[in-house]
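Chains P and B, in that order, give the protein sequences.
Reminder that position 213 of the first sequence reads as 213 in our numbering, one-by-one numbering, no gaps.
Reminder that position 78 of the second sequence reads as 78 in our numbering, one-by-one numbering, no gaps.
One or more of the hints may lead you astray.
The calculated SDA-like cross-link candidates involving lysine to any residue, where the alpha carbons are at most 25 angstroms apart (straight line), are [as the list claims (entries may be wrong)]:
1) K193(P) to A35(B)
2) K120(B) to I33(P)
3) K204(P) to A35(B)
4) K45(B) to S224(P)
5) K295(P) to I84(B)
6) K119(P) to W20(B)
7) K113(P) to K204(P)
8) K58(B) to K119(P)
9) K308(B) to S103(B)
10) K58(B) to I84(B)
11) K90(B) to S245(B)
12) K25(B) to L145(P)
13) K197(P) to I73(P)
14) K113(P) to I39(B)
15) K69(B) to L145(P)
16) K119(P) to A35(B)
17) K25(B) to E182(P)
18) K45(B) to K25(B)
19) K69(B) to K204(P)
20) K175(B) to G250(B)
21) K124(B) to L207(P)
22) K120(B) to F32(P)
23) K167(B) to L246(P)
24) K119(P) to S103(B)
25) K193(P) to P117(P)
Coverage of chain B stretches by chain P, computed from C-beta distances (three or more under 8 angstroms per stretch; other residues unrestricted) [to be verified]:
26) 23-29
27) 216-222
For the record, the hints were derived by calculation from the structure and aren't laboratory data.
On a predicted model such as this, the values are computed, not experimentally measured, just so you know.
All C-beta atoms in this analysis are idealised placements derived from N, C-alpha and C, irrespective of residue type, glycine included.
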Amino acid sequence: MNTVKTKKCNNRIKSCFADRVFDIINTIILAFILIITAYPLIITISSSISSANAISAGKVYFLPVDITFDGYIAVVKNKQVITGVTNSVFYTAVGSAINVVMTVLAAYPLSRKDFRPQKFVSLMFAFTMWFSGGMIPSYILVRDLGMINTRWAMLIPPAFGVWNMVLVRTYFQSNIPESLFESARLDGCDDWKYLMKIVLPLSKPILAVITLYSVVGHWNAFFSANLYLQSAKLQPLPVILREILLLSQTNDIANEVAMATEGTASLQELNVILKYSLVVVSSLPMALLYVFTQKYFTKGIMVGSVKG
Amino acid sequence: MKFNRQKREEIITSKKKETWGQEIKRNWQLYLMLALPFIYIVVFKYYPMVGAQIAFRKYVPAFGIWGSKWVGLYQFERMFSHPIFWKALKNTITLSTYTLLLSIPIPIVLAICFEYARGKFFRKSVQMSAFLPHFLSTVILVSLINLLFDNRTGVFIHIIQNIFGAKVNVLGDAKFFRHLYVWSGIWQGAGWSSILYISALSGVDTQIHEAAIIDGANKWRRIWHIDLPSIRPTIAIMTIMSMGSILSVGFDKTYMMQNPINYDYSEVLATLEFSMGTAGSVPDYSFAAAIGLAVSVVSFVMVMITNKISKTLSDNSLW
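Just chain P, with the same shape it has in the complex (with noise of 0.2 angstroms):
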């Protein structure tokens, strides 16, 4: 009997030991992970508003430098820019709200287990996240329609997306209860009534996640701009992003060789707190819009896949 109790008392205080180890090593890991995720985003804030010698000389490793707004006024002034975010604003817009109403479309028959189409359905449209025709049939689909080089070719090809609706089917599933559609049905409540005043009503939680998604996904398309848009008119804002951030530096030299025989270095360094800034002002929508809707993803990601 002693030496049980002896030993229960040792293991407990070994146990504290090992757990306050634990401890220390976990928030060590989470705090190299907060500064390691945050640090390239706080530096990138900073140089935007940094001068850019300071920058080039080094001296930005956390807070702003010689602070100056030159890059945003830069980016504000920057016809090219305008252009995108008009476009990237439209085809997220239009574009998500297709996304949406397919997916809702799709995911309430295919819970639905009276259904009878609903197996072989549900198969169907789960064998194409397996398998896939490829780039160049789907571009010579989009051709055969008409759409290249039209604002369509951005709607329509991205308009349903499959996974979502799994995760919305899964989430009508499995939250809203079978005998709440027995006495809706038995009240004479037909199925688009019911899909639009109980069980809509009911899913804010995944809608906000699978809104969320399309936004992001629209707002940072960018393969398919590439593939079917030619007109600079039509370009959304990350093939625009693409050629001022990423094609314009292996002009840079070249820049650099005539502004120094005219002496107007400034505009070359004016390029590089440009870019930063670039960076913040177009990837800030998307920042703030996970912020706030924040909340959601608890409720909807996490109840909705549980199931995977």
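For this one, chain P is given, so just place chain B on it according to the hints.
Chain B in isolation, oriented as in the chain P frame:
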């Protein structure tokens, strides 16, 4: 309760007698709702699968997909004897394996760290910071790499210089491409991928943990004997799904990071397919489609195999 059961039985028995016609009459609204998504899937997902036969033809724009000459496996033979194909294949597999080795375990570790974080505010701030990079677009991610590692103005280069005393030209050295590519991907995606595990962990019954604590189990043992076993199904499913990406390295990022300096390391199957399918006045559609089809088939087979293995070993599978 009793009424419900009665009604359910009624429905079950009536279902057996129901004909297709009656079912359609009862559920016509469901059919109508499903019509648009169904048409979308058929046109934009299944029709391109039929169109993938272009890989077995010699595509001539004037004749279209169906009118072009059938050449069997000719395009695939060309593919295997193409000088860049093997290099692209090697780069693809290297990059995706490197990514998978990190992107499977790291989110699990992250989720466990979050779960055992001390202090709610601390946990929330770290989580928020770890999730945020997911919302940056690929263009921004690649721009950040280029800006922060810029040999003249990049802050990381300045930090390296201060610590090691010498400048390292990270962007100008092709050797660094793989590490930059993979670790930037982890930086962007690992936090977000941990969400699934976080939700799985929050579903673990607290009573099991309480019982374990009374029995004297420390946190290490609780993680090993309670948390990890209970998120095993999620781990299995995430692993199966990621196996499908073994031959498909994200096109956007590789394409944007690619430059003449790192070409030998950054040319992957997706960029080869793209350049074959878009370059020149008469792009080689059939050749590019052959690459795309090969990638699709291999990815699909990989998912099937992993699914089968997982099903036999642990009884966890996608369906």
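For each hint, the structure was consulted:
1. A hinted pair counts as satisfied when its Cα atoms are at most 25 angstroms apart, and K193(P) with A35(B) qualifies at roughly 18 angstroms.
2. Restraint check for K120(B) and I33(P): satisfied, since their Cα atoms lie roughly 16 angstroms apart, inside the 25 angstroms limit.
3. Pair hint K204(P) plus A35(B) holds up; C-alpha atoms about 24 angstroms apart against a cutoff of 25 angstroms.
4. Taking the CA atoms of K45(B) and S224(P), the gap is about 15 angstroms. The hint holds against a cut of 25 angstroms.
5. Straight-line distance between C-alpha atoms of K295(P) and I84(B) comes to about 48 angstroms, which puts the hinted pair past the 25 angstroms bound.
6. For the suggested pair K119(P) and W20(B), the alpha carbons sit about 15 angstroms apart, so the restraint of at most 25 angstroms is met.
7. A C-alpha spacing of about 22 angstroms is found between K113(P) and K204(P), which places the hinted pair at or below 25 angstroms, so the restraint holds.
8. Between the alpha carbons of K58(B) and K119(P) the distance comes to roughly 38 angstroms, so the proposed pair goes past 25 angstroms and is violated.
9. The straight-line distance between the Cα atoms of K308(B) and S103(B) is roughly 22 angstroms, inside the 25 angstroms bound, and the hint therefore holds.
10. Under the criterion of a C-alpha separation no larger than 25 angstroms, the hint pairing K58(B) with I84(B) is consistent with the structure, at around 21 angstroms.
11. Taking the CA atoms of K90(B) and S245(B), the gap is about 14 angstroms. The hint holds against a cut of 25 angstroms.
12. Distance check on the hinted pair: K25(B) and L145(P) sit about 34 angstroms apart at the alpha-carbon level, beyond 25 angstroms; violated.
13. For a cut-off of 25 angstroms, the pair hint linking K197(P) to I73(P) is broken: about 48 angstroms separates their Cα positions.
14. Of the pairs offered as hints, the one joining K113(P) and I39(B) holds, with about 22 angstroms between alpha carbons and a cut-off of 25 angstroms not exceeded.
15. Restraint check: the Cα-Cα separation between K69(B) and L145(P) comes to about 23 angstroms, which is no more than 25 angstroms; the hinted pair holds.
16. Our distance criterion of 25 angstroms between C-alpha atoms is met by K119(P) and A35(B), whose separation comes to about 16 angstroms.
17. With a C-alpha separation of about 18 angstroms, the suggested pair K25(B) and E182(P) falls inside the 25 angstroms cut-off, and the hint holds.
18. Straight-line distance between C-alpha atoms of K45(B) and K25(B) comes to about 29 angstroms, which puts the hinted pair past the 25 angstroms bound.
19. A C-alpha spacing of about 53 angstroms is found between K69(B) and K204(P), which places the hinted pair above 25 angstroms, so the restraint is violated.
20. For the proposed pair K175(B) and G250(B), the alpha carbon gap of about 19 angstroms is at most 25 angstroms, so the pair holds.
21. Note on K124(B) and L207(P): the hinted pairing holds, with a Cα-Cα distance of about 23 angstroms set against a maximum of 25 angstroms.
22. Taking the CA atoms of K120(B) and F32(P), the gap is about 17 angstroms. The hint holds against a cut of 25 angstroms.
23. Under the criterion of a C-alpha separation no larger than 25 angstroms, the hint pairing K167(B) with L246(P) is consistent with the structure, at around 23 angstroms.
24. Note on K119(P) and S103(B): the hinted pairing is violated, with a Cα-Cα distance of about 32 angstroms set against a maximum of 25 angstroms.
25. The hinted pair formed by K193(P) and P117(P) meets the criterion: a straight-line CA distance of about 21 angstroms does not exceed 25 angstroms.
26. Coverage of a stretch by a chain is defined here by at least three residues with a beta carbon nearer than 8 angstroms to that chain's beta carbons; for the stretch 23-29 of chain B and chain P the count is 3, and the condition holds.
27. With a cut-off of 8 angstroms between beta carbons, the stretch 216-222 of chain B has 5 residues touching chain P; three or more are needed, and the interface restraint holds.
Of the hints listed earlier, those the structure fails to meet are numbers 5, 8, 12, 13, 18, 19 and 24, in rising order.
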